[in-house]
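Q: Chains as they are written, first to last, in the working numbering: chain A, 1 to 442; chain B, 1 to 245.
Treat the hints with caution; some may be incorrect.
Stated by the list, open to error - Calculated lysine-lysine pairs in the DSBU-like style (CA-CA distance at most 35 Å, straight line):
id	chain 1	residue 1	chain 2	residue 2
1	A	Lys300	B	Lys53
2	A	Lys428	B	Lys104
3	A	Lys429	B	Lys242
4	B	Lys104	A	Lys429
5	A	Lys435	B	Lys218
6	B	Lys240	A	Lys140
7	A	Lys399	B	Lys218
8	B	Lys53	A	Lys428
9	B	Lys240	A	Lys399
10	B	Lys242	A	Lys435
11	A	Lys435	B	Lys240
12	A	Lys59	A	Lys38
13	B	Lys101	B	Lys217
14	B	Lys104	A	Lys433
15	A	Lys399	B	Lys242
16	A	Lys428	B	Lys188
17	B	Lys199	A	Lys300
18	A	Lys276	A	Lys139
Simulated from the structure, these hints should not be mistaken for lab results.
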Amino acid sequence: MMQSSKKIKSQKRTYLDHAATTSTDTRVVRAMQPFFSKMYGNPSSLYADGRMAKEALQKARSSIATILGARPEEIIFTGSGTESDALAILGVMRAYSGKHMITDTIEHHAVLYNAELLEKEGFPVTYLPVDAEGFVDIKKLVVAVRPDTVLISIMYANNEIGTIQPIAEIAKLVRRIRKERIISGNETPIWLHTDACQAAGYLDVNIERLGVDLLTLNGSKIYGPKGMGVLYRRRGVKIAPLWLGGGQEQKLRSGTENIAGIVGIARALEIAQSHKDGENKRLSKLRDYFIREVFARIPKIVLNGPEGERRLSNNVNISILDIEGEAMLLYLDAYGIEASTGSACDSATLDPSHVILGIGRPYEFAHASMRFTLGRATTKKDLDYVLQVMPGIVEKLRKISPINLDMNATQMSHASAFAGQGLPHWEKKRGTKLKTPSPKAQ
Amino acid sequence: MKQKTKKQNVATKIKKATKLQPAVLKRKPVPPGKYEVVNQYTGQGWVYSDIVKQHFFQPQNLLLDEPKKGQFDAEGEVGSPACGDTMRMWVKIDKKTDRVKELKWKTFGCGSAIASTSMFSVMVTENGGMKVDEALKIRPQDVMARLSGLPDRKIHCSVLADKAFRKTINNYFHASGQHDRVIVEGAKVIDARLNITDKDIEEAVLEGAQTLEDVQKKLKVGVGDPESIPEIEQLIRFFKEKYYG
Ligand code: FES
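Take these sequences, add in the hints, and give me the full structure.
A: Quick look at the structure:
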């Protein structure tokens, strides 16, 4: 048991949840500062104050457009990554009523739940399965495309397991489909959307090189302000606004512009993109060091998501089998370490991570999953501290645990514990059928 | 050689680390309104009570090693359909006094499950152990009150201990031939002589029983009422179809 006599060595907070959110860079705060109490004008106003705000708005828009390789009018400011996703998905689909959309099973809820909403509105939606590392299979995508498919939405990098999807390749496919449609006289357009919230700090977001038509960014993952999102929309992509009002952002997002936030996200993206190569290198090294060491020190763990360059450089996600993640989080928190888990116990809906389930693992692997996401302030020392503390906690929680999972399990282990009440609610929803267990001698 | 010393160094470091004092015990209370979850006893923003923390960081009555043969009179395991967590319990009952002498547990569950089961085990075994019938009367609310509350979202976690205990005690009743004491809740009695329910049969099927013989083996009691056999067989078919079909 833990003893209470000795003092903790590091009272410092070790923040390893940068995929949840980042701090706001002081340079960003400085850029935003004047737009609260000094230059608070409404950019729609004609007088000097309004003009000043308008100028700041235009500058921010151009700056983001330049970084993305887009035109200023293709940049739409929104209130969050979620809103950008919703505007892209609901907006495009509602502009082409009744048409088909494709996404995949491990998208962020901002994509998945809006796709489900579309289904309720009568739109057909296909959810592509992903492979064991979380990759979308292009061959399966080809098969899923229908003559009336209008939108494909595949995230750039996964927020939980760091899988970097082959967006440029998917874009190539989309271009090919477009050509085929022209030849066959099918006038239905087809657009590619990607949620790049997790990727923007580390990967190339140039629109032409990626070949996407819609792209989501947000401030809170790139050391920018929270409550700020961007949607890039290629010229010609029809979108229906989610609500109406004063007609700001080309009538697509009515509401007085959040000038401070807009200036802030522009500055944050500038900084993030100028640092990205260096950060990518530094964090990849740290990430691989951490993964290597965790595997060396803790038995019976699995890495969720791919290895090496196909994984986001700041993401580590491991399932520490037989332990429950929320308990692990609480113990880590006691040591000042802040991370996250895909366990149902830690989610408001009591659902285990759909991403861990999506890559074909049983729910106990989701319960046991721990995500550590590194960031600008993360050092090797931080990771060493975690590595020092973790094995003891794991050992303790494993002693508490009554289960002993098979590392290659694909279905739940203790079904008999649920007799009389039915399997857990998500298993019921999925209509889980078990494989007959070999009657074990007890 | 060199590697070995390095390994040892790491080992001592880890040992030291695990003895470190968790900082959370010293944290100042969080001002109300900071959390979405509200303590139902104080009406304030949720902070885990000191008692919860104590039982979470130092759980009581854990079974840390594999049980030896004959060490306990019965064991039982249940899962929470809400979150998928599981709880296993072992009991030792004083046959003469019908008191719970020992209650040990293990869980694949969250912090609240750990704390509430730890508290439950203390309540059942303190002061020489409760009478079985009394212990069965403990409600999850009683455990929560002793813990000074849990967040609403975590109430199902305290139910886990309660359910595991009932199942374990039922197993004890069966194992000790006290079939008439078996508590049947939300289940249908199939074999009235042995108080075997559809739940028992469902469990046996989930553990891999395929035939009547398998089920009898799993339930370790055979069948008391031959007239119940057709219904048992029908249930086996039903549950096989439901879970494996
Ligand atoms: S027991 Fe699963 S959330 Fe507490």
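Q: Confirm or reject each hint.
A: Outcome of the hint check:
no.: 1; hint: A:Lys300 / B:Lys53; verdict: 28 Å, holds
no.: 2; hint: A:Lys428 / B:Lys104; verdict: 31 Å, holds
no.: 3; hint: A:Lys429 / B:Lys242; verdict: 14 Å, holds
no.: 4; hint: B:Lys104 / A:Lys429; verdict: 34 Å, holds
no.: 5; hint: A:Lys435 / B:Lys218; verdict: 19 Å, holds
no.: 6; hint: B:Lys240 / A:Lys140; verdict: 33 Å, holds
no.: 7; hint: A:Lys399 / B:Lys218; verdict: 27 Å, holds
no.: 8; hint: B:Lys53 / A:Lys428; verdict: 33 Å, holds
no.: 9; hint: B:Lys240 / A:Lys399; verdict: 33 Å, holds
no.: 10; hint: B:Lys242 / A:Lys435; verdict: 12 Å, holds
no.: 11; hint: A:Lys435 / B:Lys240; verdict: 10 Å, holds
no.: 12; hint: A:Lys59 / A:Lys38; verdict: 18 Å, holds
no.: 13; hint: B:Lys101 / B:Lys217; verdict: 28 Å, holds
no.: 14; hint: B:Lys104 / A:Lys433; verdict: 32 Å, holds
no.: 15; hint: A:Lys399 / B:Lys242; verdict: 34 Å, holds
no.: 16; hint: A:Lys428 / B:Lys188; verdict: 22 Å, holds
no.: 17; hint: B:Lys199 / A:Lys300; verdict: 34 Å, holds
no.: 18; hint: A:Lys276 / A:Lys139; verdict: 31 Å, holds
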